[in-house]
Amino acid sequence: MTFVLPQETPDARVGEITKLAVMAVGGQGGGVLTSWIETLARSQGFVCQATSVAGVAQRTGATIYYVEMAPISDRQPVFALAPSAGDVDVLIAAEMMEVGRAVMRGFVTPDRTTLIGSTHRALALSEKSAPGDGIADADEVRAVAELAAQKLILANMDKLAVDQGSVISASLFGALAGSGALPFKREAFESAIRAAGKGVEPSLRAFAVGFDVAKNGVAPVDAPAAGATPHIVGPSGLMQGWKTLVARADSLPEPVQNIAQLGLQKVVDFQDCKYGSLYLDNLNSVVARDTAEQGWLLSVTAAKYIANAMAYDDIIRVADLKSRGPRFDRIRTEMGAENDQLVQLTEFFHPRADEIVGMLPAKLGAKTEANPKHMARLDRWFSKGRRLRTDKLPAFLMLHVLGGMKWYRLRTRRHEVEMQHLEAWLSRSLAALEDDYDFCVELLKCRRLVKGYSDTHARGLSKFDVVMNTANLISGRKDAAEWVARLHEAALQDPEGTALEGAVKTVRSFV
Amino acid sequence: MAERSFKAEVEHLRKGEGDTFTGEGILAITKALLENGVGYVGGYQGAPISHLMDVLADAEELMAELGVRFEANASEAAAAAMLAASVHYPIRGAVTFKGPVGVNVASDALANLSSSGVTGGALVIVGEDYGEGSSIMQERSHGFAMKSQFWMLDPRPNLPCITKAVKDGFELSEASNTPVMLIVRIRSCHVTGSFSTKDNVPPPLTVKQAAANPQSDPKRVVLPPMSFLHEQDKIEKRWPAAEKFIVDNQLNEFFGPDDGKIGIVVQGGMYNGLIRALQRLGLADVFGDTKVPIYVLNVTYPLIKDEFSAFCDGKDHVIIVEEGQPDYIEQQLGSYLYKAGRQLKLYGKDVLPMAGEYTGQVMLDGITKFLKAAAPDLLPGKVLAPNDEPQVLPDLSKTVPSRPPGFCTGCPERPIFAAMKLTEQELGKHQITGDIGCHLFATLPPFEIGGSTMGYGLGPASNAAFDGGGERRAISILGDGGFWHNGLSSSIGNMVFNKSDSVAIIVDNYYSAATGGQDVLSSRAHNDTKSTNNPISAALKGVGVKWIRQIDHTYDVGKVREVLKEALTTDFKGPKVIVASSECMLNKQRREKPIRNKAIKAGRRIDIPRFGVDSDICTGDHACIRLSGCPSLSLKHLDDPLRDDPVASIDQTCVGCGNCGEVADTAVLCPSFYRADVVHNPSNSESWRAGLHAKTIGWLQTRRDTKRLRLEGKIQ
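Just so you know, the sequences run in chain order V and Y.
Position one of the first sequence corresponds to residue 68 (this note's numbering), numbered consecutively onward.
Position one of the second sequence corresponds to residue 83 (this note's numbering), numbered consecutively onward.
Since the hints were made in silico from the structure, they are not lab data.
Here the structure is a predicted model, which is why all the values come from computation and not from measurement.
There may be inaccurate statements among the hints.
As the list claims (entries may be wrong) - Pairs of lysine-lysine residues, derived as PhoX-like cross-links and limited to a Cα-Cα distance of at most 20 Å, are as follows:
1. V:Lys265 - Y:Lys675
2. Y:Lys319 - Y:Lys301
3. Y:Lys628 - Y:Lys612
4. Y:Lys581 - Y:Lys655
5. Y:Lys628 - Y:Lys655
6. Y:Lys777 - V:Lys265
7. Y:Lys454 - Y:Lys397
8. V:Lys310 - Y:Lys789
9. Y:Lys454 - Y:Lys343
10. V:Lys282 - V:Lys218
11. V:Lys459 - V:Lys430
12. Y:Lys647 - V:Lys451
13. V:Lys265 - Y:Lys387
14. Y:Lys718 - V:Lys341
15. Y:Lys387 - Y:Lys421
16. Y:Lys789 - V:Lys473
17. Y:Lys641 - V:Lys451
18. Y:Lys777 - V:Lys459
19. Y:Lys397 - Y:Lys451
20. Y:Lys718 - V:Lys226
21. V:Lys265 - Y:Lys789
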């Protein structure tokens with residue numbers, strides 16, 4: 068993208084035209100912001116023209132508003148109806164990717180543009196729908212914005228406004244005032260808000276915060292909610308066992324310790340200390356074959372995925388998590404419920420034969436699984452949507468009891484299946500360790516593909532198998548590791564596994 | 083109830099002689115209509131003139147005072163047909179709709195109107211939906227004026243010029259007995275500014291008075307032999323009369339010096355863009371005073387040969403700035419020059435692009451190219467020989483995702499298409515046609531349902547080839563707006579008459595939602611001046627549809643899927659029509675929120691639902707999003723090194739429509755979703771009972787926690 072030529076004009080008054088564009092996501096109130104700016108300009112003895120593009124873009128699409136203003140005189144200036152690349156003085160972008168879009172369209176140039184942007188994200192569908200992590204890289208946008216803008220004001224304007232019980236248009240208007248890009252006093256801005264007469268007080272509060280951010284620089288980027296760092300709690304009797312486990316984890320090579328501690332927490336929370344020590348045994352079997360040469364990368368990877376594999380999502384885990392005390396409090400706060408208000412909780416369950424069989428004793432479960440008739444019957448009996456009111460005793464009791472069945476868990480069919488899968492995965496992943504370390508690390512990472520419930524889980528498993536089997540074909544090649552990484556990335560691109568199929572084809576083409 | 087209310091703004095329409103009106107273009111147009119003694123107005127909503135219809139509707143009271151009749155016409159065809167009142171009666175009438183699609187629909191009536199000719203001024207105000215923000219195929223309405231011989235105004239995009247064009251339009255129409263089309267582009271419709279007003283003028287003859295003294299003249303009927311006379315009349319009388327009026331009243335404008343070797347001919351609507359380019363080149367000042375001779379076509383049809391050739395006198399290079407294609411104006415003016423044997427060089431679509439919007443950059447580049455060729459001496463050195471290297475930035479096009487429009491938060495249409503996607507997962511892909519309306523967003527991700535749209539109300543009609551059925555029935559979508567626009571006859575009637583075996587789904591969201599929530603016949607809202615509450619299902623029965631399924635709660639994904647499956651598999655012969663009804667959430671929220679807040683303040687028991695996701699149960703596979711795409715259902719990264727993928731998360735904009743839970747259940751996705759109903763002002767007994775449950779539950783939870791180890795302080 069290249070900038071157009073800087074404006075050169077004999078008529079200085081052309082330079083006096085202030086050109087301001089607002090790029091927003093439909094429904095963000097860009098219209099309100101624009102009308103405030105208009106009112107402001109006219110109240111300060113400026114002629115002002117605003118335009119917008121309505122149409123279906125209003126429906127959550129990217130929209131753009133455009134304002135031009137100039138000091139009033141005896142004649143009407145000729146204003147443009149749309150922003151031009153390289154010819155915008157103030158660009159307000161109400162979302163981080165809109166900041167990027169503004170820069171891409173050339174509306175932000177180092178010679179003139181004050182860029183006021185909100186760092187918050189309204190994820191585009193393409194970012195949300197990828198089975199893996201498809202979220203766009205905001206830092207990249209920030210970096211380019213710093214290059215492109217003459218003056219840059221970036222902050223989470225959405226949060227700033229919402230914290231004040233207002234909406235983003237108000238904090239952006241405040242930032243506009245604080246940026247000093249317009250030759251008007253703060254009071255003039257505020258009276259524009261009052262003139263509009265809607266939600267004045269919250270708007271003014273959000274305006275003030277936005278103003279300060281622009282004036283005194285951005286407050287430290289809101290760090291992740293400072294909740295207490297996760298830690299295991301419980302009766303002192305059991306805590307003894309926990310402490311010994313922690314000690315064991317601390318005896319691991321330094322780079323592995325942190326992740327191992329987290330993994331340990333996860334599996335102990337999932338089951339108990341005995342299970343935790345099983346986790347450490349599994350991990351140790353990997354550590355034993357690893358060395359400091361590659362910075363224990365293999366063990367670190369194993370520590371992560373063994374924990375995830377051992378803490379599988381069975382009915383017991385879901386029921387346990389859904390019936391815990393802290394969850395109820397968390398939801399109350401999230402929903403902003405006052406003390407005098409009630410919060411009713413409805414859970415959406417849809418157990419199928421597979422989940423039921425998974426809960427049967429291993430042998431019986433295996434037998435039932437093998438018999439389609441029995442499976443069909445189980446489906447008839449159990450498979451239907453169940454809405455459970457977990458704020459009421461009956462439904463809660465059901466989950467409470469299910470969640471308390473850890474004593475039985477290790478005998479279930481599901482546990483058997485998961486353990487078989489775990490062993491197979493570990494042994495397959497480490498088979499080629501002597502020849503190709505990186506290859507094995509990548510194979511371990513493939514466990515990431517196994518996630519979700521029911522069909523999604525099944526799809527994940529089959530993708531996992533496809534990648535592992537294809538990996539067999541290329542085992543021994545120099546670039547084997549890279550190819551596994553590619554396969555694994557492809558598998559996360561779309562749910563149907565189209566990308567993966569393609570990647571597999573390519574692999575088959577050269578083996 | 084339209085999405086946007088202009089009740090407050092409408093008061094400005096009462097302004098009188100010498101006042102100043104400041105506001106939006108569409109309001110200015112309405113004011114101009116009233117100042118020019120319009121007798122009746124009508125139209126059909128659609129971007130960019132939806133708001134003009136809303137303004138007219140909100141101004142109905144004021145117009146009634148003046149004796150002006152307002153119709154919210156059933157379609158653009160109906161609107162254009164209404165202008166028939168100006169054929170026999172000296173009454174000024176104006177209708178509005180979007181172009182070119184609205185003009186397509188209206189063209190039958192417009193052609194007949196143009197043949198008959200008019201006595202009273204007939205004005206068609208068209209919002210030309212072209213360029214950025216457009217939602218339709220990129221065409222021009224210009225061709226309709228040429229084929230039917232009506233005149234086209236394309237005024238400079240500022241309020242004084244636009245309002246003057248309304249006056250000129252009526253007078254031109256009356257002077258030449260020809261309907262006049264006034265084109266306003268997307269941004270002109272919403273451009274704000276000021277103009278000084280005049281008093282409103284009641285129509286000298288009202289439609290009421292006219293109907294009381296009916297007139298008719300067989301000569302005006304479009305039937306041979308009159309139709310042949312009409313054609314002659316157009317060429318011999320109406321056209322010359324129009325040209326004379328345009329020249330005498332200087333509807334077209336000239337700027338810049340009279341001499342000069344170069345000149346620019348520009349559509350009025352493109353004038354500001356052109357001046358901005360010249361300003362940036364240092365060839366025009368802030369007021370548009372320029373060194374380059376400019377001929378502004380505020381009338382783009384007919385083109386005035388003599389005016390143009392006079393403008394060309396003494397010039398060696400002339401460029402025509404005409405947005406869109408085909409280049410009608412350039413062709414016409416070119417042939418004038420050729421026939422006159424003129425030698426000057428004509429530029430246009432060679433330096434400017436044939437297709438696409440003339441944005442600031444396009445205009446600047448085109449004009450620069452022209453000047454480099456025609457008058458390099460006029461250009462500043464910087465332009466001729468750019469010394470400063472244009473700075474190049476890292477490319478973001480790979481990073482920044484596109485953001486197409488989609489269903490709003492809580493949209494009742496989302497679950498319908500979620501159900502369709504699930505049905506296709508079960509029964510395989512089907513032949514599906516879409517229609518015009520919000521539901522067309524279903525063709526985009528995540529649903530990607532439907533492969534075509536042939537026009538408003540034509541969803542089922544565009545599946546007619548497949549009416550014979552087969553092993554997989556064709557499915558078509560139709561909105562309530564499209565249904566009443568012409569779907570009832572063109573689509574449903576067509577299905578019934580041809581014994582179609584296909585399935586039609588009518589998406590009934592209680593409004594013409596995509597155009598801004600205007601009422602339609604089947605709207606549930608009470609409307610003082612319009613007849614609502616006419617059920618679609620009744621109309622279906624009326625035209626002979628036997629297989630009708632009414633769904634009154636589209637959020638029940640399971641139910642929708644069931645009904646759809648039945649429609650696709652039943653042995654019933656003949657059209658199968660599903661009416662899926664739930665109120666547009668945008669309008670519902672606007673309607674209910676104030677009421678709800680009042681009730682809460684008044685201490686009444688209100689429960690407000692919202693959905694949530696347990697992030698420790700969500701595994702981050704995002705299957706739910708691929709069946710929803712709801713703006714409030716997003717993702718968040720957990721601060722947990724053990725987790726690779728972001729998990730689903732629902733923000734506070736959730737309106738608790740229920741789609742998430744329904745989909746998670748019907749598609750058997752996962753148990754991560756929960757609904758939390760916050761009960762405001764619960765009754766004492768209710769609180770007491772809830773308290774009992776909570777106490778017992780709390781006791782059980784603590785009891786368990788004293789017996790096990792658990793992870794605490796996990797960041798959710």
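Could you grab the alpha-carbon distance between Lys647 (chain Y) and Lys451 (chain V) and see if it respects the 20 Å cut-off?
-> Distance of about 18 Å is within 20 Å: holds.
Is the straight-line distance between the alpha-carbon of Lys641 (chain Y) and that of Lys451 (chain V) 20 Å or less?
-> Roughly 13 Å separates the two Cα atoms, so the pair holds.
Would you mind confirming whether the straight-line C-alpha gap from Lys387 (chain Y) to Lys421 (chain Y) stays at or under 20 Å?
-> OK: Lys387 (chain Y) and Lys421 (chain Y) at ~11 Å, within 20 Å.
CA of Lys454 (chain Y) to CA of Lys397 (chain Y), is that 20 Å or under?
-> The hint holds at about 16 Å.
Are Lys310 (chain V) and Lys789 (chain Y) close enough, with their CA atoms no more than 20 Å apart?
-> 17 Å, holds
Decide if the proposed pair is consistent with the structure: Lys459 (chain V) and Lys430 (chain V), CA atoms, cutoff 20 Å inclusive.
-> 35 Å, violated
CA of Lys265 (chain V) to CA of Lys789 (chain Y), is that 20 Å or under?
-> Not OK: Lys265 (chain V) and Lys789 (chain Y) at ~55 Å, beyond 20 Å, violated.
Holds or violated: Lys454 (chain Y) with Lys343 (chain Y), Cα cutoff 20 Å?
-> 14 Å, holds
Regarding the pair Lys718 (chain Y) and Lys226 (chain V), is the alpha-carbon distance no greater than 20 Å?
-> With a Cα-Cα distance of about 15 Å, the restraint between Lys718 (chain Y) and Lys226 (chain V) holds, given a limit of 20 Å.
Given the hint that Lys777 (chain Y) pairs with Lys459 (chain V), does the C-alpha gap stay at or below 20 Å?
-> Holds - the C-alpha atoms of Lys459 (chain V) and Lys777 (chain Y) are around 11 Å apart, at most 20 Å.
Taken at face value, is the distance from the CA of Lys675 (chain Y) to the CA of Lys265 (chain V) at most 20 Å?
-> Holds, at about 15 Å.
Straight-line Cα separation of Lys777 (chain Y) and Lys265 (chain V) no greater than 20 Å?
-> 43 Å, violated
Comparing the model with each earlier hint shows violations of hints 3, 6, 11, 13, 14, 21; every other hint is respected.
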